[in-house]
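Novice: What follows is each chain in one-letter form.
Protein chains: 2
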Amino acid sequence: MNITPAPSDLAFVPFVSVDDMMKIINKIGPAKAIADIADYIESDFRRWESFDKTPRVAAHSPEGVIELMPTSDGETYGFKYVNGHPANMARGFQTVTAFGVLSNVSNGYPVLLTEMTVLTALRTAATSVVAARHLAPKGAKTMAMIGNGAQCEFQALAFQKVLGIENVRLYDIDSTATDKAAKNLSSSGLNITKCADPHQAIAGAEIITTCTADKQYATILTDNMVGAGVHINAIGGDCPGKTELHRDILSRSDIFVEYPPQTRIEGEIQQLAEDHPVTELWQVITGTADGRTSKNQVTLFDSVGFAIEDFSALRYIHDRLEDIDHYQELDMIADPDDPRDLFGMLARASKAA
Amino acid sequence: MNITPAPSDLAFVPFVSVDDMMKIINKIGPAKAIADIADYIESDFRRWESFDKTPRVAAHSPEGVIELMPTSDGETYGFKYVNGHPANMARGFQTVTAFGVLSNVSNGYPVLLTEMTVLTALRTAATSVVAARHLAPKGAKTMAMIGNGAQCEFQALAFQKVLGIENVRLYDIDSTATDKAAKNLSSSGLNITKCADPHQAIAGAEIITTCTADKQYATILTDNMVGAGVHINAIGGDCPGKTELHRDILSRSDIFVEYPPQTRIEGEIQQLAEDHPVTELWQVITGTADGRTSKNQVTLFDSVGFAIEDFSALRYIHDRLEDIDHYQELDMIADPDDPRDLFGMLARASKAA
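Protein chains in written order, with the numbering used here: chain H, 1 to 353; chain A, 1 to 353.
Among these hints, one or two may not hold up.
When chains are identical, the list treats them as one kind, so a pair holds in a single copy or across two.
Calculated cross-link-like contacts (lysine-lysine; reagent style DSSO-like; alpha-carbon spacing at most 27 Å) [said to hold, decoys possible]:
{"hint": "1", "residue 1": "LYS183", "residue 2": "LYS53"}
{"hint": "2", "residue 1": "LYS53", "residue 2": "LYS351"}
{"hint": "3", "residue 1": "LYS138", "residue 2": "LYS27"}
{"hint": "4", "residue 1": "LYS351", "residue 2": "LYS161"}
{"hint": "5", "residue 1": "LYS183", "residue 2": "LYS32"}
{"hint": "6", "residue 1": "LYS295", "residue 2": "LYS27"}
{"hint": "7", "residue 1": "LYS295", "residue 2": "LYS53"}
{"hint": "8", "residue 1": "LYS351", "residue 2": "LYS295"}
{"hint": "9", "residue 1": "LYS138", "residue 2": "LYS53"}
{"hint": "10", "residue 1": "LYS27", "residue 2": "LYS183"}
{"hint": "11", "residue 1": "LYS194", "residue 2": "LYS138"}
{"hint": "12", "residue 1": "LYS27", "residue 2": "LYS351"}
{"hint": "13", "residue 1": "LYS194", "residue 2": "LYS141"}
{"hint": "14", "residue 1": "LYS141", "residue 2": "LYS53"}
If you're looking for bench data, these hints aren't it; they were derived computationally from the structure. Since we're looking at a predicted model, the values are computed, not measured.
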């Protein structure tokens, strides 16, 4: 690379590519990385009130949505760019891709640029186990996984590692997705059962994870399928018009959410009245609200994904960079010797060329 | 670089570094690049109504602000990350740094990541000349430049190239900034005059550009300094609490703005009543509103910078990439063979390592 004149150290931003991210996560181990990120999320949720919070900024189109998800704790600022295009898969693209940035609030300079497609998969599973740690029945051993797409294996490993789940019962409307997930999890130590329908999948499950990708009102679970005492980890209903659960399930569940102003627009509860009572997960974590209080209670984590979870995941990766040297430095910030002399920097580059 | 397994073509996003951007702009020539970007901006302002518009999403802190500025025309989506930290200069950092992304709306994939500190300087000057083309007195030959910081030379070259300005009169509270700008413009062909005070700077100027960086209510121009028929190009008043012009100047000017909901918060007009009449620049460009209608009219372009201008600049750079081969491909988008098999991609990367 022929850089003239040489940029200063201030010009460089560490960049974690997809390849770097896979090396970092494989070095740590995916299950351990998810468990670690869960601890970062739990610690950030504990100081929930210190964050700037805003619903994501979405640009909707007939094909999907592009969103920016910013937040800040006053010292560090983070945002994620993420798209959601349900039609992408059939065209050979990822439904969800993402990248993110962490910055120093005091001077506004970015300190990390990273892929977040892989990282979002980890943080979504990490958020699920943070919620389940507080809401699922104690001693749960069996989880049903309805929807066996890109998020499935991360959820299974997260619940094994953090909750002690031993049995995972897979179902997807497309059996090739189930086959893929079963194969990927074959050496995990989990007992994997491929199921022919949702009823078979939920048999004996104390935890039901729904994670399907259709952009439409769907009914993955109906009321009669959900028994007393179950914890439902609802991942897939995450944008306007996209839900997975029958309304009647919601009515008899205690519902826990990340950030109500966003969940009421995007989550399962978009089916309910605007004032339907919900509990904020961070309040359960800090002990200011109840989580599971009885054995027969149906708990529902209506997860849509919130900016603070991405912030936690970005912090986690940033904290690993020194130890795990998988990143490159990008010449991304113009840094003239004299900050007022941007034009002079350009002129000198011309002379040097 | 040891990438295993090799990412597909879909994984890569072209990245224009600061060094690349300087090479691209120097190859085109800064003045021509600004004039070209002005044409892109004018053409996008002509189709103003086809854009998603939203005020920027700002995270304020005592030291400054970090902002995201998204927009979309339904086919292409763009956003800029930009900070503004007035205290940065004294600490050796840039007051404003920026980067931006252009994406394909139909699948949500980014098609360009680029530095935008240099590019923002160009697009700001380009926006100024777009406005001046419609508002400044015909045949103007002399411009006063109050504030000789990072934006100064770009403004001077833009007005020379697009408006035919021949004389530029420089003033800054810090004379070293004036010396810097005069030196940088010494071979431009402009007649440069270094002035000892603002009164001297505006003597005989048909166009007055104000571009100072203090984050406070300042009064760079008072009412008695502004004569009839002048066009004021007010760049520096661009966030809450930061203005440059005395209120009385605003009262007797015809005021033109980019996007009123943003300008009323950030621009000079934050000093005025919320319903004070302003004209949107795009309407002057399309001919649905009047620009300059008389010789003695004081016109004021209250510029704060809007997302569509960044979008235009991003489009311009993206359109140049094929011809001017200064970029690198970043492995930024996870692209497994089977979009549902993100975990399998991670697992295969582990085996390959």
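Novice: With reference to the structure, classify each hint as holding or not holding.
Specialist: Quick rundown of the hints versus the structure:
no.	hint	in the structure
1	LYS183 - LYS53	neither (40 Å within a copy, 46 Å between copies)
2	LYS53 - LYS351	neither (47 Å within a copy, 40 Å between copies)
3	LYS138 - LYS27	neither (31 Å within a copy, 66 Å between copies)
4	LYS351 - LYS161	between (58 Å within a copy, 21 Å between copies)
5	LYS183 - LYS32	within (20 Å within a copy, 58 Å between copies)
6	LYS295 - LYS27	neither (39 Å within a copy, 71 Å between copies)
7	LYS295 - LYS53	neither (34 Å within a copy, 50 Å between copies)
8	LYS351 - LYS295	neither (75 Å within a copy, 43 Å between copies)
9	LYS138 - LYS53	neither (32 Å within a copy, 49 Å between copies)
10	LYS27 - LYS183	within (21 Å within a copy, 53 Å between copies)
11	LYS194 - LYS138	within (25 Å within a copy, 77 Å between copies)
12	LYS27 - LYS351	between (45 Å within a copy, 11 Å between copies)
13	LYS194 - LYS141	within (17 Å within a copy, 79 Å between copies)
14	LYS141 - LYS53	neither (35 Å within a copy, 49 Å between copies)
When the structure is compared with the earlier hints, violations turn up for hints 1, 2, 3, 6, 7, 8, 9, 14 and for no others.
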